[in-house]
Amino acid sequence: MANISFISCKKATELTEKKLSFGLSITEEIRLRVHHNICKYCAQYHKQSIIIDVFLKNHIEHPETVSPVSGKIAEETAKNIIQKISV
Amino acid sequence: MNSEEKNLFTDWVNKFTGELLSWARHKTSDIQTAEDLVQETFLAAAEKLHTFRNDSEPKTWLYGILNNKISDFYKSQSKKQKHFTVLTNDTLEQFFDEKEHWRKESAPHEWDADESHLLDNEEFNRIFAECLEELHPQWHACITMKFLEEKSPRVVCQELGISDTNYWQILHRAKLRVRNCLEKNWFQE
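Residue numbers (the numbering used here), protein chains in the order written: chain A, 658 to 744; chain B, 159 to 347.
Since the hints were made in silico from the structure, they are not lab data.
There could be a bad hint or two in this list.
Stated by the list, open to error - Chain B regions said to be covered by chain A (calculated; three or more residues, Cβ under 8 Å):
1. 170 to 179
2. 208 to 216
3. 246 to 252
4. 257 to 264
5. 269 to 282
6. 299 to 307
Ideal placement from N, C-alpha and C gives every residue a C-beta, glycine not left out.
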């Protein structure tokens, strides 16, 4: 009989991230699923972590959503670049 | 560059520097680094202007070059670190108690949202970007590399010179923070 030891919430959330990056061993997979069956918080965390990955991918494709630098800095930089190109 | 190309290029610099700078600053947490990277981007673009296809979007093309430079920046920064010094426990202690259970005030609640609609929601994307901005730059680097390069995590680790374990430990801490930030600032409103 396999030794199913119960993992903590902290460990469960770690395993979520390990799973999303590299995958889990069978033992780890079982432990995670058992934990999700009894802990709704970690089950939520798992779902939400996957959703956040979707947001992260989208974020890379929408660079216009970040806070803008000041117009002054942008102008200065543009001026410097144009000077360098004109050489 | 002939004078027509030069005019066009100058136009691009004036039009896009602001946006490129904002993105680079967001990704590197440092305005000076951002300026250097954007400058390098335009210089590189000027040199290979002949490869630019007129049916493409200049902005997309420039972002492509910039993102490669950002990626290179992360790799060089990472190599400079002797140890990955940012795997402290304070994030973990913020969310979990001594028994490693969720603290009451941090426990995940259900998100009442249709993610597909959120992807186009400007307000949401702004808040999401702010949540990312709070992250330690090294964490931001790991997260960004994962999605920027579309390379496997193993390859990203090699390029950053960190172990697999460090990688997902960083992602773990980053995700805990981002998740919490989103829940507090969006889903719980």
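For this session: Just pull the numbers of the violated hints for me, sorted ascending.
Result: 2, 3
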